[in-house]
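Protein chains in written order, with the UniProt record's numbering: chain A, 1 to 325; chain B, 1 to 597; chain C, 1 to 285.
If you are wondering where the hints come from, they were derived from the structure by calculation, not from laboratory data. By construction, the Cβ of each residue, glycine as well, lies at the ideal position given by its N, Cα and C atoms. Incorrect hints may have been included.
Just a few of them, taken from the derived set where beta-carbon distance is under 8 Å, the chain C residues facing chain A [what the hints assert, rightly or not]:
no., residue
1, Val129
2, Val141
3, Ala144
4, Val196
5, Ile221
6, Val228
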Amino acid sequence: MSDRARLVPRRRVPPWARFVARRLAAGLVVVWGTLTVTFFALHLAPGDIVDGLIGPGAAATPALRDQVIAENGLDDPLLVQYGRQLAQLASGGLGWSYQLNEPIERLLGSQLGPTVELAVSALITALVLAVLAATLTAGRGRVVRGAAGLAELLMVSMPSFWLGIILLTVFSYRLHALPSIGADGPAALVLPTLALALPLAGVLAQVIRQELESADGRPFVLTARSRGLGATAVLLRHTLRHALLPLTTLAGFVLGSLFGGAVLVENIFTRPGLGRVLANAVGSRDLPVVSALVVISSAAFVLINTLVDVLHPLIDPRLREGGTA
Amino acid sequence: MTTTKTKTKTTTAEATAGDTGASVPGPLVRMEGLRVSFPGAPRPAVDGVSLAIGPGECVALVGESGSGKSVTSRSLIGLAGARARVSARTLEVAGADAAGFGERQWRAVRGRRIAMVFQDALTALDPLRTVGAEIAEAARLGGTAGPDTAARVVELLTAVGVPEPEARRTQYPHQLSGGLRQRALIASALAADAPLLIADEPTTALDAIVQAQILALLGRLKDEGRGLLLVSHDLAVVAQVADRVLVLRRGEVVESGPAGRVLSAPEHPYTRMLLDAVPSGRPPARPAQAAPGAPDAGEAAPLLSGRGLVKSFAPGGPRALDEVGFTLRAGEALGVVGESGSGKTTLARIAMGLTRPDAGEVLLRGRPWSALPERRRRAERSAIRFVQQDPYASADPRFTVARIIGEALPGLRRGERARRCAELLDQVGLSADLLARRPHQLSGGQRQRVAIARALAGRPQVLVCDEPVSALDVSVQAQVLELLDRLRRERGIALLFITHDLAVVRQVADRVLIMRGGSVVEEGETERIFKAPAHPYTRALLDAVLRLPGADGADGTGGAHRAGGAHGTDVTGREDPEQDTEHVAGQDGEHVTKGER
Amino acid sequence: MSTVTALLDRPAAATARRGALLRSPARLAPLVLLAAVALVLVFPGMFATHAPEATDVAAALRPPGAAHWLGTDQLGRDVWSRLVHGTRLSLLIAVGATLIGVGGGALLGLVAGCGGQRVDFALMRVVDVLLGFPELLLALVVVALLGGGTVNVAIAIGTAGVPHYARLVRGQARLVLRSEYVEAARVLGVPAWRSVLRHVLPNVGGPLVVLASIGLGSAIISGSGLSVLGLGPVPPEADWGSMVADGKDFLQTAWWISIAPGLAVSVVVVCTTLIGRSLQLRAVR
């Protein structure tokens, strides 16, 4: 990749802009690849495509079948259909759900908000918890670290749906402190956020703590301490930055675990959102909705990773200037 | 750590902090009977070390890995490690009793009273911060930053001979050359004007020419009245600046005294062994003639030869190798010398048929070699074998010694193979008991011997050795070099010996090839090159070789004085920091003019 | 799985200090517990106190007690006995999925890692795209295409794990192939295919076993997750996840129906994770 870039004649485009453009182009290829794979998987999968599009949930009357065939141009050659789907996507259309009798973009648009709200609040919670836990326990005595390790292990090993059920049982049904279902107001967000954030916090805390501890043995820390810098200052000024760096490479994983977790958490807490839509669509085999979600999720992944790639050199000077040194 | 104690200690520390170190009549630090142990270790890491350092004095701690030299030096600033148990009869830092120091008092000492310089500035400076930020941090902690911190940073960078300090200040460690980085690290250590500087292997990561310059800088700091504790494995480095030397072995001082005496008339056998092991640049005692059975060197057809070799790793990029040729005759030892980036390793890999040259050809026994497809080359591989730099990396960690060597003995039956393995181990001076061990159960020297035994398995005519001793402790280095030399003498195996170390090459090679920036700058008989170098770069390299006092060919004062005028010369334009070391000798001219004078 | 691979992907983090959690009793306990679980799996009859399908409406929604150790569900079925009998399905799905993931991943990874540059490029782009998806989403897509049920859930989770294993194997293979000891072998005249057998496979196998043993835990979580969504085994067959789903609507009155199987999942996952980690530490040393 970089070799080829060097061969391209230089224009007066700032390097970072070229970098971003290249990343976005690569990302577009990924989204296109995803779309292609889902398209052909859908059309070449065993079973009649007409039934697949309609799904078992809607009554496949002959009239509806004819309508589906006509609307989707299923009599056209596959490649023509494929081209049409690309064009449709380019203009922002995601298709039609026959089961819900609704254009998919509208369906997803209405459900996007609650999921983003949940994911963002869970992400922030997880980061705060993880950084706190890691900085407070890194390099401490065996007892503290052992306890922290155990807590992290439990967080990581607990399925989020189970965590959600425990939270529901304790806080909603026993203590009646927080609402159990719905998405109205901040109170309804607390329990789902925790159910989603705690397992993630467990993973992140492990990573940060290990990074902190390994950074602690590095020469520049010794140098900083030999200047008379105190342990807390070393942590804040030097090691924490190093420990947070690798988190950027986990961005894709974090996004995935948030969305994957949301599917279950939204289900347990009967919250509206994309996760519920997906679970329902899979359950009723509403393939147009599933493939639309796949494409959207790959676009989100590409966006996040591009963002990370752009931010990474800003945090780590070693990655600037096209990787010299 | 009790609080009452902490408070009283702070006052003592602060009371003494008012004086400037130079005017204190007593020593800057004094320790007696230092003992450092780590829980779980069978014996203490340091046991009974005593030393004192005064202003303008340089004390050197010398030892091989695991001798406890670094732990000793770190105990002086309370950084021996969280788990270390430190005790001493006397531990005085800047006139205060440091035995009961808590973290707070130590922090008052660090940087202000005692500053530290570590080995590799690339890792010893925070890679995420500019060198200016690092130096400023040190200045601020030391209270010397003043109203204009940036100006103070520039002042410090200037003091250690960094050119264009304004520009360097805003750069990151990885953007600077090795020499400049190390200077910046030293600048950060000087920021709080500590009267005592601890330098822990300060030049080990550097090329020879830059190493001499950094040592000269340290020497100057000493002359300005700073105390210096130099920690090093390298006696030649120590000889340049040290006034007194302590030789450590397994945490104990085996010998100590004035540097001149210890280095010229060592009393303890271990010191003598270390000194003998320093590749001193002495000419070989043996006659440099071909081994028995080998054809007369003068007439023989070349065993391995290359001509017009070109290699670049990026299309259109810089050439790692540019029109290089060489000839190795049977039984001969050819040394290839160069600093990092000179292309010497690329040459070795092309000779081994591991890298394909872009142009040019290597011939083995007069027949095509580098041009062969791997399949046909395989049949002839037993004639030419490779000894790599890191014997740990070059052995499959899951394999036993028997399997490692056995891999070179295909087609033998089990019993026969075991017998051959034992025989090969014997040839490299190892016992057959080691056959069942795995690499991590061997010492560094044993590993490299196993690698050599493996190389001998096919009864090769050529051994290509790529820095075969640079990963080893000094005393082990000498033994491995001796082994290679013996193999050459007794069995007529030709050596293509790649190294950065001129002193090593003088012991081993009949002829030498000096490489720089991908080209051969000089070639000739070893003794001729050492006595009458023709090319300025060769002269610069030779000047940078650190010698022990009294060693052959040196004038007793060592190389540092000659390099002494070279402060701040590892300077180049900003545009290409990686090439610095190469510009140094050629373009800056300090060394070159010295040599021509 | 993704939780775990995220950690394993980064060897620096994975090679944390040995110890901390893994003093020897901690190393032994998960083995003993898993052995017990295996016993339950093979001989459920020995441990169950009731028939798992036996309904008793009169005894519905009883809290845990002497007659029913973990209480009863809405149909009066004994939760403990259902848990015992659900072990087999839960673990079979996880083990099957892991085998599919490891097998597919190892094949893909080896071909990419040891094959030519173009093969590697093509395969790894596909893997990269797949890695872009949340694992659960990938599994859900497969379920959407194939339909639910025990076997399909195992296939779905296994498929979703393939890219993770493939990347590990490919990375390791590359690492070993570029190592100095494989170079040393080449210099000795050892052909490339033999180096793959002799050096690459054994050196890839270790990390793969480690990842698989930890991945088993994630497969259990994913499997039960799909069951919670109602996509798993078809009733009356039940694994732990579908038991959680069954009890979900009765949390207010009968928390034990869902909590007990969830606890079982967590315990098994903790065990496999611990075992995986101690294997990992041993490999690192």
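**Asked** Per the CB criterion, is Val196(C) less than 8 Å away from chain A?
**Response** Hint violated; Val196(C) Cβ to chain A Cβ min 27 Å, cut 8 Å.
**Item:** Interface hint status, Val228(C) versus chain A (Cβ within 8 Å)
**Value:** Since the shortest Cβ distance to chain A is 5 Å, the answer is holds.
**Asked** Does the nearest C-beta of chain A fall within a distance shorter than 8 Å of the C-beta of Val129(C)?
**Response** This hint holds: Val129(C) lies near chain A, its Cβ roughly 5 Å from the closest one there, short of 8 Å.
**Message:** A closest beta-carbon separation below 8 Å is what the hint needs, so does Ala144(C) meet it against chain A?
**Reply:** With a minimum Cβ separation of about 5 Å from chain A (threshold 8 Å), the hint on Ala144(C) holds.
**Request:** Could you check if Val141(C) really has its C-beta closer than 8 Å to a C-beta on chain A?
**Result:** holds (6 Å)
**Prompt:** Measuring from the C-beta of Ile221(C) to each C-beta in chain A, is the shortest one below 8 Å?
**Reply:** Result: holds, 5 Å to nearest chain A Cβ.
Of the numbered hints listed earlier, the single one contradicted by the structure is hint 4.
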